[in-house]
Each structure stands twice: as C-alpha cells, then as structure tokens.
Amino acid sequence: VFRNFILSGDEPKPFQQFVAEILELNIPVLIYAGDKDYICNWLGNQGWSNELSWSGKESFNAANTTNWYSKANGSHAGTAKSNGLLTFLRVFDAGHMVPFDQPSHSLDMVNRWISGDYLFA
Numbered sequence: 001v002f003r004n005f006i007l008s009g010d011e012p013k014p015f016q017q018f019v020a021e022i023l024e025l026n027i028p029v030l031i032y033a034g035d036k037d038y039i040c041n042w043l044g045n046q047g048w049s050n051e052l053s054w055s056g057k058e059s060f061n062a063a064n065t066t067n068w069y070s071k072a073n074g075s076h077a078g079t080a081k082s083n084g085l086l087t088f089l090r091v092f093d094a095g096h097m098v099p100f101d102q103p104s105h106s107l108d109m110v111n112r113w114i115s116g117d118y119l120f121a
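Numbering-wise, the sequence shown is residues 1 to 121 according to our numbering.
No lab work stands behind these hints, which were simulated from the structure alone.
Source: prediction; values computed, not measured.
We put the CB at the ideal spot given by N, CA and C, even for glycine.
Incorrect hints may appear among the rest.
Derived BS3-like pairs: lysine-lysine, alpha-carbon spacing no greater than 30 Å straight-line [claimed, not checked]:
id	residue 1	residue 2
1	Lys57	Lys36
2	Lys36	Lys71
3	Lys13	Lys36
4	Lys71	Lys57
5	Lys13	Lys71
Derived DEER-like restraints, expressed as beta-carbon distance ranges [said to hold, decoys possible]:
id	residue 1	residue 2	range
6	Ser55	Leu7	31 to 41 Å
7	Asn26	Asn4	34 to 44 Å
8	Asn64	Arg3	44 to 54 Å
9	Phe100	Phe5	38 to 48 Å
10	Ser75	Pro14	33 to 43 Å
11	Ile27	Arg3	30 to 40 Å
12	Ser8	Ala121	18 to 28 Å
13	Trp113	Asp35	10 to 20 Å
14	Ser75	Ile114	18 to 28 Å
15	Ile6	Ile114	33 to 43 Å
16	Val1	Asp117	21 to 31 Å
17	Pro99	Pro12	43 to 53 Å
18	Phe100	Asn61	13 to 23 Å
19	Asn26	Gly47	16 to 26 Å
Given the sequences, and given the hints that come with them, work out the whole structure.
As structure tokens, this is what we get:
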C-alpha cells in the first residue's frame, strides 16, 4: 500500500512553507505533539516551529514556555509557547494519537483554541 502512495506522488512532503503563509495572513496556528510520540517527536516539532521563516519568528522564539493546566480537571497537561499567533503545545503522556491518549486534555486544547485562548495560560 505504501509503495502505491509513493508511486502516485502522495508521499510525505514538506509543508512548513504553507504554515508560514497562513501565519503571514494573521491566521493563528496551533502545532501540538505528544511527548511520548516517537514518530513525530515533540523536540523535532518544537525545533521546526522555532526555525520557521516568517515575520513573527523573533517574537515566537522570545516567548516563554509556560505550564498548561487542563481546565477539565486542573492537572498539569503539558507546556505551551506562543506569541499569540503561533502556538506550540507539548502534551504530556501522549503518543502519536494525542486525542486517544489524553482525551480530556485534547478536548481542553480544542475548546481553548476555538475560543481564542492561544496562550493556554
């Protein structure tokens, strides 16, 4: 099956330039990763988020990483770094399928994001 995807041109491609284009349109972007994900590890995701070429790169890199506490149960759900437009969220005790591993934290993440709480403070 994977070979057929590759031969059709539907293999993994770099899409970070599209993330930068969205940010330049002042559309908020959330990047999140589980800290137990060995396929798309959080350190790699944090690294490319820090290196993303866009006009807000400096302010994003200067932003502090803060603790994120779930409003669902008050537990320490992860860490967040945001300049108000780009947010990187590390989800504790979650693998590649964050909503499966941490359903209540995932719901908190989505609810906060759609309500405009981009800082997860």
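We went through each hint and held it up to the structure:
no.: 1; hint: Lys57 <-> Lys36; verdict: holds (26 Å)
no.: 2; hint: Lys36 <-> Lys71; verdict: holds (22 Å)
no.: 3; hint: Lys13 <-> Lys36; verdict: holds (23 Å)
no.: 4; hint: Lys71 <-> Lys57; verdict: holds (29 Å)
no.: 5; hint: Lys13 <-> Lys71; verdict: violated (35 Å)
no.: 6; hint: Ser55 <-> Leu7: 31 to 41 Å; verdict: holds (38 Å)
no.: 7; hint: Asn26 <-> Asn4: 34 to 44 Å; verdict: holds (39 Å)
no.: 8; hint: Asn64 <-> Arg3: 44 to 54 Å; verdict: holds (45 Å)
no.: 9; hint: Phe100 <-> Phe5: 38 to 48 Å; verdict: violated (23 Å)
no.: 10; hint: Ser75 <-> Pro14: 33 to 43 Å; verdict: holds (35 Å)
no.: 11; hint: Ile27 <-> Arg3: 30 to 40 Å; verdict: holds (36 Å)
no.: 12; hint: Ser8 <-> Ala121: 18 to 28 Å; verdict: violated (44 Å)
no.: 13; hint: Trp113 <-> Asp35: 10 to 20 Å; verdict: holds (19 Å)
no.: 14; hint: Ser75 <-> Ile114: 18 to 28 Å; verdict: holds (21 Å)
no.: 15; hint: Ile6 <-> Ile114: 33 to 43 Å; verdict: holds (35 Å)
no.: 16; hint: Val1 <-> Asp117: 21 to 31 Å; verdict: violated (39 Å)
no.: 17; hint: Pro99 <-> Pro12: 43 to 53 Å; verdict: violated (21 Å)
no.: 18; hint: Phe100 <-> Asn61: 13 to 23 Å; verdict: violated (31 Å)
no.: 19; hint: Asn26 <-> Gly47: 16 to 26 Å; verdict: holds (24 Å)
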